[in-house]
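Chain by chain, the residues run as shown.
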Amino acid sequence: MAGFLLRRLVNYVVLALVATFLAFTLASVTFDPIGLLQQRNPPPPAASIEAKKRDLHLDQPIPQRFVTWMSGVVQGDFGRTVADRPITDELGRRIGVSLRLFLLGITIGILFGVLIGVVSAIRQYKFSDYFATLFSFILLSTPVLVLGNLLKIGAQSINNSIGSNVLIFVGEETPGFQGNWFEHLGDRLQHLILPTLAIALGQIAYYSRYQRSSMLDVLGSDFLRTAQAKGLTRRKALMKHGLRTALIPMATLFAFGFGLLVVGGTFTERIFTWYGMGDWLVTGISAQDTNITATVTLFVAVCVLFSGWLADVLYAALDPRIRVN
Amino acid sequence: MTSSEILFDTPADPAVEGPVLQVEDLHVSFPSEAGRVQAVRGLSYEVSPGEVLGIVGESGSGKSVSSLAVMGLLPESARISGSIKFQGRELIGRTDAELSKIRGRRISMVFQDPLSALTPVYTVGDQIAEAILVHRGGSVSKQAAAKRAVELLDLVGIPNAAERAKAFPHEFSGGMRQRAVIAMAIANDPDLIIADEPTTALDVTVQAQVLQLLETAQEVTGAGIVIITHDLGVVAGFADRLMVMYAGRAVETGKVEEIYQQPRMPYTLGLLGSIPRLDVGEKQALVPIVGQPPSLTALPPGCPFAPRCPMVVDACHTAEPPLIDVDGSAEHRAACIRTGEIAATDSEGAEAAAEIFGAEVVEEAEIAKVPREQREIVLELDGLVKEYAVNKGVVFKRRVGTVHAVDGISFDIREGETLGLVGESGCGKTTTLMEILGLEKPMGGEISVLGTNVSSLDSKRRFEIRRDMSVVFQDPMASLDPRLTINDVIAEPMQVHGYSKDEINRRVPELMKLVGLRPEQLSRYPGEFSGGQRQRIGIARALALEPKLVVLDEPVSALDVSIQAGVINLLEELKSKLGLAYLFVAHDLSVVRHIADRVAVMYLGKIIEIGEVNSVFDAPRHPYTQALLSAIPIPDPVKERQRERIILTGDLPSPANPPSGCRFRTRCFLHASLPPEKQRTCIELEPPREVQAEDHEAACHFAQIRQVL
Numbered sequence: 001m002a003g004f005l006l007r008r009l010v011n012y013v014v015l016a017l018v019a020t021f022l023a024f025t026l027a028s029v030t031f032d033p034i035g036l037l038q039q040r041n042p043p044p045p046a047a048s049i050e051a052k053k054r055d056l057h058l059d060q061p062i063p064q065r066f067v068t069w070m071s072g073v074v075q076g077d078f079g080r081t082v083a084d085r086p087i088t089d090e091l092g093r094r095i096g097v098s099l100r101l102f103l104l105g106i107t108i109g110i111l112f113g114v115l116i117g118v119v120s121a122i123r124q125y126k127f128s129d130y131f132a133t134l135f136s137f138i139l140l141s142t143p144v145l146v147l148g149n150l151l152k153i154g155a156q157s158i159n160n161s162i163g164s165n166v167l168i169f170v171g172e173e174t175p176g177f178q179g180n181w182f183e184h185l186g187d188r189l190q191h192l193i194l195p196t197l198a199i200a201l202g203q204i205a206y207y208s209r210y211q212r213s214s215m216l217d218v219l220g221s222d223f224l225r226t227a228q229a230k231g232l233t234r235r236k237a238l239m240k241h242g243l244r245t246a247l248i249p250m251a252t253l254f255a256f257g258f259g260l261l262v263v264g265g266t267f268t269e270r271i272f273t274w275y276g277m278g279d280w281l282v283t284g285i286s287a288q289d290t291n292i293t294a295t296v297t298l299f300v301a302v303c304v305l306f307s308g309w310l311a312d313v314l315y316a317a318l319d320p321r322i323r324v325n
Numbered sequence: 001m002t003s004s005e006i007l008f009d010t011p012a013d014p015a016v017e018g019p020v021l022q023v024e025d026l027h028v029s030f031p032s033e034a035g036r037v038q039a040v041r042g043l044s045y046e047v048s049p050g051e052v053l054g055i056v057g058e059s060g061s062g063k064s065v066s067s068l069a070v071m072g073l074l075p076e077s078a079r080i081s082g083s084i085k086f087q088g089r090e091l092i093g094r095t096d097a098e099l100s101k102i103r104g105r106r107i108s109m110v111f112q113d114p115l116s117a118l119t120p121v122y123t124v125g126d127q128i129a130e131a132i133l134v135h136r137g138g139s140v141s142k143q144a145a146a147k148r149a150v151e152l153l154d155l156v157g158i159p160n161a162a163e164r165a166k167a168f169p170h171e172f173s174g175g176m177r178q179r180a181v182i183a184m185a186i187a188n189d190p191d192l193i194i195a196d197e198p199t200t201a202l203d204v205t206v207q208a209q210v211l212q213l214l215e216t217a218q219e220v221t222g223a224g225i226v227i228i229t230h231d232l233g234v235v236a237g238f239a240d241r242l243m244v245m246y247a248g249r250a251v252e253t254g255k256v257e258e259i260y261q262q263p264r265m266p267y268t269l270g271l272l273g274s275i276p277r278l279d280v281g282e283k284q285a286l287v288p289i290v291g292q293p294p295s296l297t298a299l300p301p302g303c304p305f306a307p308r309c310p311m312v313v314d315a316c317h318t319a320e321p322p323l324i325d326v327d328g329s330a331e332h333r334a335a336c337i338r339t340g341e342i343a344a345t346d347s348e349g350a351e352a353a354a355e356i357f358g359a360e361v362v363e364e365a366e367i368a369k370v371p372r373e374q375r376e377i378v379l380e381l382d383g384l385v386k387e388y389a390v391n392k393g394v395v396f397k398r399r400v401g402t403v404h405a406v407d408g409i410s411f412d413i414r415e416g417e418t419l420g421l422v423g424e425s426g427c428g429k430t431t432t433l434m435e436i437l438g439l440e441k442p443m444g445g446e447i448s449v450l451g452t453n454v455s456s457l458d459s460k461r462r463f464e465i466r467r468d469m470s471v472v473f474q475d476p477m478a479s480l481d482p483r484l485t486i487n488d489v490i491a492e493p494m495q496v497h498g499y500s501k502d503e504i505n506r507r508v509p510e511l512m513k514l515v516g517l518r519p520e521q522l523s524r525y526p527g528e529f530s531g532g533q534r535q536r537i538g539i540a541r542a543l544a545l546e547p548k549l550v551v552l553d554e555p556v557s558a559l560d561v562s563i564q565a566g567v568i569n570l571l572e573e574l575k576s577k578l579g580l581a582y583l584f585v586a587h588d589l590s591v592v593r594h595i596a597d598r599v600a601v602m603y604l605g606k607i608i609e610i611g612e613v614n615s616v617f618d619a620p621r622h623p624y625t626q627a628l629l630s631a632i633p634i635p636d637p638v639k640e641r642q643r644e645r646i647i648l649t650g651d652l653p654s655p656a657n658p659p660s661g662c663r664f665r666t667r668c669f670l671h672a673s674l675p676p677e678k679q680r681t682c683i684e685l686e687p688p689r690e691v692q693a694e695d696h697e698a699a700c701h702f703a704q705i706r707q708v709l
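Residue numbers (full-length UniProt numbering), protein chains in the order written: chain A, 1 to 325; chain B, 1 to 709.
Calculated from the structure, these hints are not laboratory results.
Heads up, a few of these hints could be off.
Simulated crosslink set (SDA-like; lysine to any residue; CA at most 25 Å straight-line) [stated by the list, open to error]:
id: 1; chain 1: A; residue 1: Lys53; chain 2: A; residue 2: Ile285
id: 2; chain 1: A; residue 1: Lys126; chain 2: B; residue 2: Glu33
id: 3; chain 1: A; residue 1: Lys52; chain 2: A; residue 2: Ala16
id: 4; chain 1: B; residue 1: Lys166; chain 2: A; residue 2: Met239
id: 5; chain 1: B; residue 1: Lys166; chain 2: A; residue 2: Ala316
id: 6; chain 1: A; residue 1: Lys240; chain 2: A; residue 2: Leu260
id: 7; chain 1: B; residue 1: Lys101; chain 2: A; residue 2: Ile285
id: 8; chain 1: B; residue 1: Lys513; chain 2: B; residue 2: Pro307
id: 9; chain 1: B; residue 1: Lys142; chain 2: A; residue 2: Arg234
Working from the sequences, and respecting the hints, build out all of it.
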């Protein structure tokens, strides 16, 4: 088992390299940071433009630039931005922001998605099922851009009616906030509620649909009947034998959902002004910055591959039938 | 504590007189798009302590639904009325929580499909222990329950139980899983065990093991047993009383012997007459029951069997006949207004059925009178080999073993002849078929069709030779394209082979008539036909190109008994009329005995016995053939109870790693009884196929005749 997962990891390293190389090449070919520099008003002196070119290794062919950048990456140095700031420092901070933003939202999304899906399946074609279905479809068809802004409007009116700023929707914490760690935590939570809702609602809608259908598959199964015939009540049989089996096909969804959201939350980050990885990608592209783009791509690749690996581990943990001897 | 908890947590009082289970006027209905389906309509029966009641009926007769009603396991949409009393206490109207205290403790159940009856994610031991813990969690520790689970596995005959308890269900074979389910069912020493088709999904040798185990379970627990089946053979030796169900009602009940010998309801007669008998050598007339069971949404008044009954009179249509006592016996009851007339016929059982239903023995073909040696060879296999590689590894695949699916088999089929190929699942029957139908150069050995060796064929010749061979598949539901009309289905082979439009238009209705269907139905889709009719369509398609050889892969095993007989009769008629040769693959040896001229028995990729059908069945030489034949129940309670059954131990060994010498020796009772020096012969030498009698060969070092029927 360990050997199998290790071999997988080696494959993944190669894949991540390929993905990053492609993104780096594409960015290098299309981006023109010098052009951006020249458009400034007043234009910078020619000498400093030449210096910038050298700094960014624009005099080298693209594969060589990639090798230069990559050899830095191996030593933990992701290069510098066009504005000449070290990427490595910012990378750590931004990953932290994204994780703080999404971990809670995804966890809530998975828990409630599973719960609502299971209840919908068990009470199929009852009112609660129709209700959950309707809301899932409404949420799934609402872009997060709209949902986020609606939440903001709703929060504003709540704040107004209470008369104090309970729900805060700008940034991660109040700048210059003074207080002990507990008050700091409270301040952060106030900032976290709305973006977490924006993430979780979509996730709940998405997971509940899949959980519902996977649970429905299990509901008619013979082993559930056997469990009841043993003397388990229907509720207990459903939870212990039904849900446990219905979770197996969800493992892949959970794993990839997690991996993709950390970078896929560009809109959420922008709406609520959190400077995470998704925001960085947009910043990097608008600054015509190859290094930022390649770094974010590498991070995405690692996330996706880690998700695939996590899915395998989850599968093996949940389903004895596919455990490799 | 609620009153129900007091009721069911007290131990059963052994002194309580009367039946364990009393079902009275039970009605169950389900909603459907076509209206309410009346699945059970006024069913009443009783089971006494320690008694075995057999419930027999076709699919849709309400037999499973009525037992699920007893367990309280029907879906919420079911509407139930009437009374179900267990040890004198009413079960209908109880909550799930109340019923769950009885389920698995007082009443337990064994289901049909052992492959899906266990939760795949928990170990077998844990699942058995759960059955104990859920009822006695207060007084029994987890460790004690786990220990008891191992004991139970041992009791149901799982070797190395302590080790196997830690295995997951997918690591068990079908037979072993069914044993585990039975272990679960007897874990709490129940008073009633309901077994719903417990052996239908299993091989005959495993079926014999499981039936024996159920008998043991009954002895150990002293429980009453309800065994539900469609196979009249299974219950003949096991049940004390029998109830025949049709269209949601009991149509005949009584002692097993009485029902088999003096059936008094035409439906029971038909069922008995429709089963080919393993123990009857001469050609037997099989009773086909025409039509299909009625739809249970809107039953017309009168006897529901009337549209299919040969004895129907006008009075049958006026009211549904109640169960009435027959022959003055209060125990034997039948729901027919003409029972008196049936009683008046001279013949008994299946013969009476043939007489009443007007079944006749199918005439033999002209060609069958020509001695075998003088007839043309249609198909010849010589040392056919098919192996599969077993690979391991994800990135770099490496071969770690070989599955010898077919390991050097030889036989021939001559014009107008039927060869039955039999054996347990996994013995290589289907692989053999696929090799023959593929018409490709085999891995080893030779295949010749009508004298042409297939390895020498180019693609054009191969295409031409396909005309002479056709196939009928097992599953009539899956083998017809649901989007083609019947006309297109039957015409397709002819279009592929370039028949003219006129010829196709002339031939398709002809083929429909040939298989007993009406040409007016040609524009319909497969979904509008019943299973038996679809199988007839499959046969018509197979006959479209006027083949010489038809390969039949379990052609009747997916059909209900009453339908099965009609298809068997049709196959026999066609063979006689068209001079066809059949390769008939089946696991049901009774059907094979009825239809085949010769039979070949396969075990682990080898033919271990082959020969003329009566010679092999009446005087089997190979211990495996003897065990296989002895495992098949005969629908005759008197004979069945006198038979001595050879029970094979264990399951089929893996074909990737077959035993040395004789492959059967690991399960062979003869081998086990031999002195060590003779045993060495079995271990070291592979027995060659030797002539035992005229047209009868067997591959056993110590072959001897043993009659098992």
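Next item on the list: Mind checking the alpha carbons of Lys166(B) and Met239(A) for me, to see if they're no more than 25 Å apart?
Entry: holds, 22 Å
Checklist line | Pair hint Lys53(A) and Ile285(A), alpha-carbon separation not exceeding 25 Å | finding: holds, 18 Å
Next item on the list: Quickly compare the C-alpha distance for Lys513(B) and Pro307(B) to 25 Å and report which way the hint goes.
Entry: Holds, because 22 Å separates the two Cα atoms, which is no more than 25 Å.
Margin query: So if I understand the rule, the pair passes when the alpha-carbon distance is 25 Å or less; does Lys166(B) with Ala316(A) pass?
Written below: holds, 17 Å
Next item on the list: Take a quick look at whether Lys142(B) and Arg234(A) sit within 25 Å of each other, Cα to Cα.
Entry: holds, 22 Å
Note to self: Against the 25 Å threshold, does the CA-CA distance of Lys52(A) and Ala16(A) hold or violate the hint?
What the structure shows: Cα-Cα ~29 Å, so violated.
Next item on the list: Decide if the proposed pair is consistent with the structure: Lys126(A) and Glu33(B), CA atoms, cutoff 25 Å inclusive.
Entry: Between Lys126(A) and Glu33(B) the Cα gap is close to 18 Å, so the pair holds against 25 Å.
Next item on the list: Given the hint that Lys240(A) pairs with Leu260(A), test it: the Cα-Cα distance must not exceed 25 Å.
Entry: Roughly 30 Å separates the two Cα atoms, so the pair is violated.
Item checked: Pair hint Lys101(B) and Ile285(A), alpha-carbon separation not exceeding 25 Å -> violated, 66 Å
The structure is inconsistent with the numbered hints 3, 6, 7, although it conforms to all the rest.
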